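Sequence order for the protein chains is A and B.
Heads up: the first sequence begins at 1 in my numbering, then just goes up one per residue.
Heads up: the second sequence begins at 1001 in my numbering, then just goes up one per residue.
Do not rely on the hints blindly, as some may be mistaken.
[Unchecked claim] With a straight-line cut-off of 27 Å between C-alpha atoms, the simulated BS3-like cross-links for lysine-lysine are: (1) 1289(B) / 1011(B); (2) 35(A) / 193(A); (3) 35(A) / 279(A); (4) 35(A) / 1126(B); (5) 1337(B) / 1126(B); (6) 1126(B) / 32(A).
Honestly, the hints are just simulated from the structure, not real lab data.
Remember, predicted model here, so these are calculated numbers, not experimental data.
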Amino acid sequence: MTPQFVLEGVVVGLAVGSIYALIAVGFTVLYKSTKILNLAHGELVLFGGYLAIAVTSAAGFLPVPAAFALGVAVTLLAAAALGFAVERAVMRPLFGQPLLSVIIVTLALGYVIRGVMVGIWSGETRTFPPVVPAAVVRVAGVPVSLVGVWSAAAAALLLVLFSLFFRYTRWGIAMRAAANEQLTASTLGVSLKRVFAYAWAFAAVAGAVGGILLGLWLGVNFALAAVGLKALAAVILGGLDSIPGAILGGLLVGVVETVLGGYIDAHVKLWGQPLHGFKEVTAYLVILLALMVRPYGLFGTEHIERL
Amino acid sequence: MAYARPCGDFKTSYAQDMALLDIRLYRWGFAVLLVALALAPWVLGRWIYLLNDIAIFAVGATGLSLVMGFAGQISLGHAAFMAVGAYTSWFVTSQLRLPFVVALPLSALVAFAVGAVVGLPSLRIKGLYLAIATLAFQFLVEYLIVQTVSGMGGTPVPSMDLFGVPVNTEVRFWYLVAAVWVLGAVFATNLTRTRVGLALMAVRDRDYAAQVLGVNLLYYKTLAFALGAAYAGVAGSLFAHYNRVIGAEHFSLAQSIDFVAMLVIGGLGSVWGPHLGAAFVRILTQLLKMWAPVLGALLPVLGRATTSVHDIVFGVVLIAFLIWEPGGLATLLRKLKRYVDLWPFPH
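Turn these sequences into a full structure, and let the hints guide you.
Right, dumping it as structure tokens:
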């Protein structure tokens, strides 16, 4: 592992990690406000990527940047609508049900969303028209594709916007209040139903943006749903209910995956056979290790159980 | 010994109280069920393969029912345990050249051991976190299969024979799998009534309270995972020799979720649940497989959507059950039985 390899890995990893962080923040916000672990998050990411590509391609008569802007706008609106619809139709009837039912219902939801998307767009890899020129820039002496830099910058900008939203707007504060103590917030006039609906819309939008950014960089195919589960690794590492934890976790997972996974892929042999795709499972190893050592994550609150 | 359940409790001995089939109606019912299972090949003809399929997955679902339904531990990696059993069976029969009679218990044992190891963290992590840990285990096993034995294709598994009799037809396989199915189901049913089963249910309802009452959490949680995995291992071994080819796609996350679907649809924490659920899920899968092309031909508008009909229907059925009947088919049956018992009175 040469220093150059590590440096490259860290830079690229940070770029990927910022997108993971964005997706992970959607996850965490949803968990904080509703105590629901959304296993359909990967499908929300996919939804964003596919819809944005479909709209951008359909608006081919416009110049590419305008078509892309239209695609992004439509996708974000559709994602928010999807989030509201899911909350209203599926989650609200299950309010107060045991954890098991809620986890399984999100899994089932993922099935439905993915099924519908396979039906409409089939499974092959799709790419955006060239929105960002396929140039390579040097960051800290490391070559990175321009798309990567753009996605990282967009993800960082959105993370800042999200934190401002939660700090200063009325609904951001209401959501934080509900996350802190549902019952108290409810007695103080915060409508839990609306908070839940906003949380779902927020998670769907964050996932969709992650999908668009990853789609710009790598193209969209059904393997992208696995990215939603990588965000899970980020969240577990950072602590399920900590937003800074989710961001740091996302960056860490990105770096570990690129450096360690990339190294093992390239250099480690098992029985004389090179290992392929180890990078893809690195995130799950991170999950297992994090759960063994600190089940509540780096910054999560330790759950103390009382009888 | 009455035909119907008498009003009041007339049991005079412990044995009577513990009898599984306590009234004559149930004894006759069970006898009829066994006869029906034995005669199934004649009745079903070539459709017997459907029953073989159901039986294999019902055995696996029974294991998951011990873990999730009785011990309350979420497992999203049940298909991975099935893979452990299947590959153990493959290794023992094709590499070590031992008979299937040795391979079947061995795959149960190996899966039991792996299950115990995977179950160990369940003492420390629970609920959501356990779900995620088992999910990670599922992905790692899939990765290992692709990397080490099967690659992206499948691994051929030799055909089996039982004490020199080749089990090479659907009907012969049916008698083998039916025996395993009934034995496994009766064992699980009895297990849930013993100290072990009661301890598991105490753990499910409130694990700390159970610990205070003297239930060894580490032992029982690990045991639940190990037993569940052993059932999955048996199912995996049967599946391997039935399908003759095993690969990563047979033991994918989708299969694990199918197992969870069987339990939820059948009914969590019920003895009949996994069997009803397995039958429902497998029959629905086969029907969709048969009808999807027909649907596509009849309604060309749907186009490619027919390829993903399975996923959509499954998701919708699961959500519908969770919202309207969280107790699953078993609870529906119980309600029906109650209605018939009380008819013509509503209460």
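How the hints compare with the structure:
1. 1289(B) / 1011(B): Answer violated: residue 1289(B) to residue 1011(B) is near 50 Å, above 27 Å.
2. 35(A) / 193(A): Status holds; Cα separation ~13 Å.
3. 35(A) / 279(A): violated, 30 Å
4. 35(A) / 1126(B): Satisfied, since the Cα-Cα distance of roughly 15 Å is no more than 27 Å.
5. 1337(B) / 1126(B): violated, 36 Å
6. 1126(B) / 32(A): Measuring from Cα to Cα gives roughly 18 Å; hence the hint holds.
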